[in-house]
Amino acid sequence: MKETNRIKKDSNESLLCTDSGTLCNQESCYDTMTISSFIDGEISPEESEEVKNHLDNCPVCRQVVDHYLSFEKALNSGIASSFKDQDVKILQNRIMATHDLYAKKGADLNGIQNKIRSKLHSIKDFASSSIFSLPKIYLQIASLAAIIILSITALRDITDVNAPMQSVMAQSSPSAIVTSVNGDISSVIILETEDTHHTIIWYQEV
Amino acid sequence: MAIYFKQTATFRQSANRHKKILSALFSMVFIILLSVISHEAEAAAITSTVRVIHATSDTPFMDPGLKDLGHELQSVFKYTSYRLISSRTLAMAEGSTGRVSLPGDRSLELIPKGVENNRIRFSIRILKNDKQVFTTEIQLRNNSTITIGGPDFKNGYLLFNISGKTK
Amino acid sequence: MLGEGEKTPKRVHSYGFFGVTTLHVKLDEKQLLQELKKGNRLAFEHLVKRYQHRLLSIACGITLDREESLEIVQDVFMRVHQNIHTFRGESSLMSWMRIITVNLSLNWKRKWLRRFRWKHHDIETEDGGILPDAENSGEHETPEAKYIDRQLEQKIMKNIALMPEKMRTVFVLKTVEHLSYEEIAQTLNIKTGTVRSRLHNARQLLAESLNE
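Residue numbers (full-length UniProt numbering), protein chains in the order written: chain E, 1 to 206; chain S, 1 to 167; chain V, 1 to 212.
To be clear, the hints were calculated from the coordinates, so they are not data collected in a lab.
Careful, some of the hints might be misleading.
Listed below are the simulated DSSO-like cross-link pairs for lysine-lysine, each with C-alpha atoms no more than 30 angstroms apart in a straight line [stated by the list, open to error]: (1) 38(V) x 154(S); (2) 89(E) x 38(V); (3) 166(V) x 78(S); (4) 158(V) x 154(S); (5) 113(S) x 131(S); (6) 104(E) x 158(V); (7) 191(V) x 89(E); (8) 155(V) x 78(S); (9) 67(S) x 128(S); (10) 158(V) x 84(E); (11) 191(V) x 52(E); (12) 131(S) x 166(V); (13) 73(E) x 84(E); (14) 89(E) x 37(V); (15) 84(E) x 155(V); (16) 154(S) x 49(V); (17) 73(E) x 154(S); (18) 104(E) x 166(V); (19) 128(S) x 113(S); (20) 78(S) x 89(E); (21) 191(V) x 73(E); (22) 158(V) x 191(V); (23) 84(E) x 49(V); (24) 104(E) x 30(V); (25) 158(V) x 73(E); (26) 166(V) x 128(S); (27) 154(S) x 128(S); (28) 78(S) x 38(V); (29) 155(V) x 73(E); (30) 166(V) x 84(E); (31) 131(S) x 165(S); (32) 155(V) x 166(V).
Based on the sequences and whatever the hints tell you, model everything.
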């Protein structure tokens, strides 16, 4: 038992001092770090036994434990409610379909994935990988040709895989032509909206 | 004599007329030159409005000041709330620097570099704590706007909508 | 429940929240790996059925984006299929796939794409996240208790979404996968002390938000 983890009694303190990460007003209360480790089973068996005994008599520490456990429940429940059995089944079919195509052709995986998924994804991959790559990169894009403007119209269309790719590119000129992008940034993307061909630059600071 | 005088008078009259015509011509040329110069000066004047927008995933909201832009932003981003934090219009001569303060110790510098084919060439710099973090060179269509975004700010992101106008 | 000084037992088969049970095929990991390397389709299908729920939960916990999670898990299996010959079996298949899932979920390109409306999201909450749907779960509780629980859950989920991603990743690996600190540290290539403090900070952050 590490005495340093215990909080000494101080009757004038408030019940729960979350700012300092400690519990007060209860003799021999544990700090929240110890309780967190206890919940995870990451303290020694002896200490764990002592914490358990303490919890039987300490509503303040018990409340901390209850709170911590409710977070786990909330996350698991939140994740669970975002998928239906059908989603999982569809995902499985998609994976197997991609697998079968790959197994049959034994060819380039990316090519097959593009066919299986959608035009959307192939454009996403292309856009994100070919414009800007490594973190903390100093981007100097001198040539206009290097700037790829994406049309959201085509990106939305995920069903019509065979639609001509020309539709991906804007029919009229963008509101702004970006000729260079520099800076202390980790990544940058240039977009064009569907309706008014409004140019958007989105960058991420390092 | 009389004839002489008459002739002289005629000559004087004719000389006066020439002077008048010449001076009128000079004035016209002067006026034309002035107007050309002033026209060029006008052409170099560029106005730009910088709107600072805060995009978040809070309760759905579209600022009335973003009427023209809201639909475009919503078509691209997943954010649900767009608030106009500030709007500032700058009048700049070619080569001069316009500066706008941004939230989060940031500032934006805008330098119009010229006009070609109905597009204004702009150099745009975004600074954070006086340190340059992002620069771009763009050719903005006259009377159009561009949106630059990305910096984190108060559980959301900052977007800067920049317009450019020249005569 | 809290263990008696032991490490929290791994609930390897606890994917009940999806309402789907795992396929009980008597195929141990070594045999499965052998069959996968031979290109056995059934073995691959078995792998998908066995692990897709868990991988989906990890991806969803980190990205908090339903569509993105589905794509990530598809990518994970394609990478497994493509690279199975290079997998030496020094760690378990799940450990390997978990690392791929975490890396794809934290991939900067993907993080970026999550910010944009690349396609229509038919099933999503008001703010585009994966906040729990009040009508979707808690069927056996009283309506009142259910309501209170959902309110609390939504509040917690909102604050989980606001967590720094690194902190959330540790929290997800602990909460969803019930990994030990050592296992989380290995998965993320960080120190166990960092895992301990990130978990504590995550819980404190959520506890404070409950008091707001």
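Do the hints match the structure? See the list:
no. : hint            : in the structure
1   : 38(V) x 154(S)  : violated, 53 angstroms
2   : 89(E) x 38(V)   : holds, 25 angstroms
3   : 166(V) x 78(S)  : holds, 22 angstroms
4   : 158(V) x 154(S) : holds, 15 angstroms
5   : 113(S) x 131(S) : holds, 22 angstroms
6   : 104(E) x 158(V) : violated, 45 angstroms
7   : 191(V) x 89(E)  : violated, 37 angstroms
8   : 155(V) x 78(S)  : holds, 20 angstroms
9   : 67(S) x 128(S)  : holds, 29 angstroms
10  : 158(V) x 84(E)  : holds, 21 angstroms
11  : 191(V) x 52(E)  : holds, 27 angstroms
12  : 131(S) x 166(V) : holds, 27 angstroms
13  : 73(E) x 84(E)   : holds, 18 angstroms
14  : 89(E) x 37(V)   : holds, 24 angstroms
15  : 84(E) x 155(V)  : holds, 22 angstroms
16  : 154(S) x 49(V)  : violated, 41 angstroms
17  : 73(E) x 154(S)  : holds, 28 angstroms
18  : 104(E) x 166(V) : violated, 39 angstroms
19  : 128(S) x 113(S) : holds, 23 angstroms
20  : 78(S) x 89(E)   : holds, 27 angstroms
21  : 191(V) x 73(E)  : holds, 26 angstroms
22  : 158(V) x 191(V) : holds, 28 angstroms
23  : 84(E) x 49(V)   : holds, 15 angstroms
24  : 104(E) x 30(V)  : holds, 25 angstroms
25  : 158(V) x 73(E)  : holds, 14 angstroms
26  : 166(V) x 128(S) : holds, 24 angstroms
27  : 154(S) x 128(S) : holds, 16 angstroms
28  : 78(S) x 38(V)   : violated, 44 angstroms
29  : 155(V) x 73(E)  : holds, 13 angstroms
30  : 166(V) x 84(E)  : holds, 27 angstroms
31  : 131(S) x 165(S) : holds, 28 angstroms
32  : 155(V) x 166(V) : holds, 20 angstroms
Hint compliance for this structure: hints 1, 6, 7, 16, 18, 28 are not met, and every other hint is.
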